Structures are given as C-alpha cells and as structure tokens.
Amino acid sequence: MAEARQEQRFGEWVAVRRHGERVAELVLDRPKAMNAVSTAMAEAISAACAALGSDPGVSVTVLTSSNDKAFCVGADLKERNAFSDADLGRQRPRTRAAYTGVLELPMPTVAAVHGYALGGGFELALACDVIVADATAVVGLPEVSVGVIPGGGGTQLLPRRVGAARAAELVFTARRVRAAEALALGLVDQLAEPGPGAEPGSESGASARDAALALADRIAANSPVGLRAAKRALRLGQGLDLRAGLEVEDAAWRTVAFSGDRAEGVAAFNEKRTPRWPGE
Numbered sequence: 001m002a003e004a005r006q007e008q009r010f011g012e013w014v015a016v017r018r019h020g021e022r023v024a025e026l027v028l029d030r031p032k033a034m035n036a037v038s039t040a041m042a043e044a045i046s047a048a049c050a051a052l053g054s055d056p057g058v059s060v061t062v063l064t065s066s067n068d069k070a071f072c073v074g075a076d077l078k079e080r081n082a083f084s085d086a087d088l089g090r091q092r093p094r095t096r097a098a099y100t101g102v103l104e105l106p107m108p109t110v111a112a113v114h115g116y117a118l119g120g121g122f123e124l125a126l127a128c129d130v131i132v133a134d135a136t137a138v139v140g141l142p143e144v145s146v147g148v149i150p151g152g153g154g155t156q157l158l159p160r161r162v163g164a165a166r167a168a169e170l171v172f173t174a175r176r177v178r179a180a181e182a183l184a185l186g187l188v189d190q191l192a193e194p195g196p197g198a199e200p201g202s203e204s205g206a207s208a209r210d211a212a213l214a215l216a217d218r219i220a221a222n223s224p225v226g227l228r229a230a231k232r233a234l235r236l237g238q239g240l241d242l243r244a245g246l247e248v249e250d251a252a253w254r255t256v257a258f259s260g261d262r263a264e265g266v267a268a269f270n271e272k273r274t275p276r277w278p279g280e
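Using this note's numbering, the letters of the sequence shown map in sequence onto residues 1 to 280.
List of simulated lysine to any residue pairs, SDA-like, C-alpha gap at most 25 angstroms: (1) K231 to D189; (2) K32 to R9; (3) K32 to R94.
Pair by pair, the computed Cβ-Cβ distance ranges are: (4) G147 to L234: 30 to 36 angstroms; (5) R96 to P159: 16 to 22 angstroms; (6) E280 to D68: 38 to 44 angstroms; (7) P278 to E104: 20 to 26 angstroms; (8) G163 to R243: 21 to 27 angstroms; (9) P278 to R96: 34 to 40 angstroms; (10) P275 to P159: 34 to 40 angstroms.
I should point out that these hints are in silico values taken from the structure, not numbers from a laboratory.
Here the structure is a predicted model, which means the values were calculated and not measured.
No residue lacks a Cβ here, since even glycine has one placed at the ideal position from N, Cα and C.
Please put together the full structure from these sequences, using the hints given.
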C-alpha cells in the first residue's frame with residue numbers, strides 16, 4: 001500500500017489524499033463531531049466528489065474516516081435542532097448532493113468502515129461499490145427512531161444489497177448491527193483480517209482503512225478505462241430485464257473495445273509483461 005503523497009482540502013472537514021498513481025482517499029475529517037454531516041460538510045463532500053469525478057487519473061476512490069471511533073454518525077442533529085422547517089428545506093438539496101456525489105463517482109469506490117456508520121453515515125458507505133469493515137464496525141439506519149426516514153439513499157440502496165424484507169426489518173426496527181452479523185447479512189462485503197496474535201472478536205489487528213486501501217491497490221492494477229466501463233454496466237444494468245441489461249453491457253463494451261487500454265492489455269498479455277495502461 002503506497003503512502004499518501006499529497007493532500008487537497010475541501011473546506012474544513014474533507015480531504016482527498018493520493019496514494020501511488022491511481023488510488024485516491026476521500027477522508028471524512030470532522031473527528032470532534034464523529035463526522036456528523038453538517039451543511040458545510042455536505043457541501044465539502046460534494047465538491048470533493050466533483051473534483052474526483054473529473055480526474056481521469058483516479059482509478060479507485062477509498063472513503064475513510066479520521067475518527068478512531070466512527071466512520072460517520074449521520075446527520076448533524078445538533079445543527080438541525082436549531083433549524084426551522086424552512087432551514088431544513090433549504091439544507092435538503094445540499095445534503096442530497098453529497099450522497100449523490102459519492103454514488104455517482106465514475107470509478108470503483110470502496111468504503112472503509114471503522115466504528116459507527118449510522119444513518120447518513122451508513123448511507124455514504126452504501127453509496128460505494130464495496131464496503132470493507134473491521135471488528136469495530138457498527139452499522140444501521142436508525143432514522144425512524146428520530147422521526148424521519150433514511151434520506152441519503154438508504155431505502156433504495158439497502159434492498160438492492162440484502163433484499164426487500166431484510167431491508168424493511170432493519171429500517172423499521174432502527175437496530176444497530178455489529179461487524180460479524182453485518183457481514184453475514186451482506187451489509188458489508190469484507191471484514192479486515194485480525195493481525196497476528198489478535199484474540200478472536202477483539203478490536204485489534206488490521207483496520208478497515210488498511211484493508212480497503214490494499215483492495216484499492218489490487219483494483220487499480222487493472223485498466224482504468226475498463227474499470228469505469230464495468231462500473232457503468234453494473235450500475236445501469238441493475239433492475240433491468242436481461243435483454244435490456246445485455247444492451248447496457250454491449251454499449252459499455254464498445255467504449256473499451258477500441259481503446260488504447262484494450263490494445264495495451266492484449267499486447268502485455270502476449271508479451272508476458274505488466275500492462276502500462278494509457279488510461280484512454
């Protein structure tokens with residue numbers, strides 16, 4: 001895993017760090033508030049995603065937290081406690097844009113869940129393609145317990161992961177799910193392996209961030225053009241019937257079939273060497 005070589009700030013509470021040539025780390029960096037999403041933080045997430053989405057040099061984005069107890073605890077309820085109805089209405093498009101910004105990133109995305117990922121925090125993870133967690137992870141959508149519903153994509157993304165009935169149970173009960181059960185239910189995709197000498201069930205060992213960045217390195221070794229096209233086909237094909245889905249796949253295939261990456265990939269295979277992807 002390459003060390004971060006540069007950092008760009010977006011507002012006070014969001015940073016983007018580059019690892020190696022093609023991995024970016026989008027860091028939620030409001031540790032004193034456990035990354036609660038305020039209006040300003042939502043705007044920063046949106047701005048960071050816009051910058052990442054327009055950067056063809058990024059093959060994979062990893063979403064992480066700088067807090068040692070939480071990935072993100074969701075909406076900033078202290079801020080909202082002072083809102084009028086009009087204030088809440090004005091905030092809505094800003095917060096929605098943050099979740100949509102992560103969801104619509106064109107490259108593969110990996111969430112690294114350490115500690116609490118609740119409400120909007122879990123929805124940020126759900127907006128990613130793969131969720132890596134460690135033994136500290138606690139996830140859930142508790143919005144109905146404070147009189148609202150998941151509004152960052154949770155009612156739509158969770159059923160696509162775990163099915164309608166399981167999603168309904170989790171949303172209606174507002175319950176929190178710890179790491180092992182979260183993996184078993186499909187709420188997360190991978191648990192970081194414990195380090196040498198770690199006790200079973202302990203919180204020591206590899207972190208979600210380490211595991212997610214290692215996974216990103218493996219993904220980023222592949223064609224940048226191919227990765228974006230594969231993500232587009234996977235996302236656009238969801239919910240379509242098979243015939244329509246195959247048309248989506250064919251359209252995505254055509255965007256890579258005549259690319260420089262395809263030519264380089266075939267040449268490298270035949271020459272038994274590592275590809276040098278042109279990324280176009």
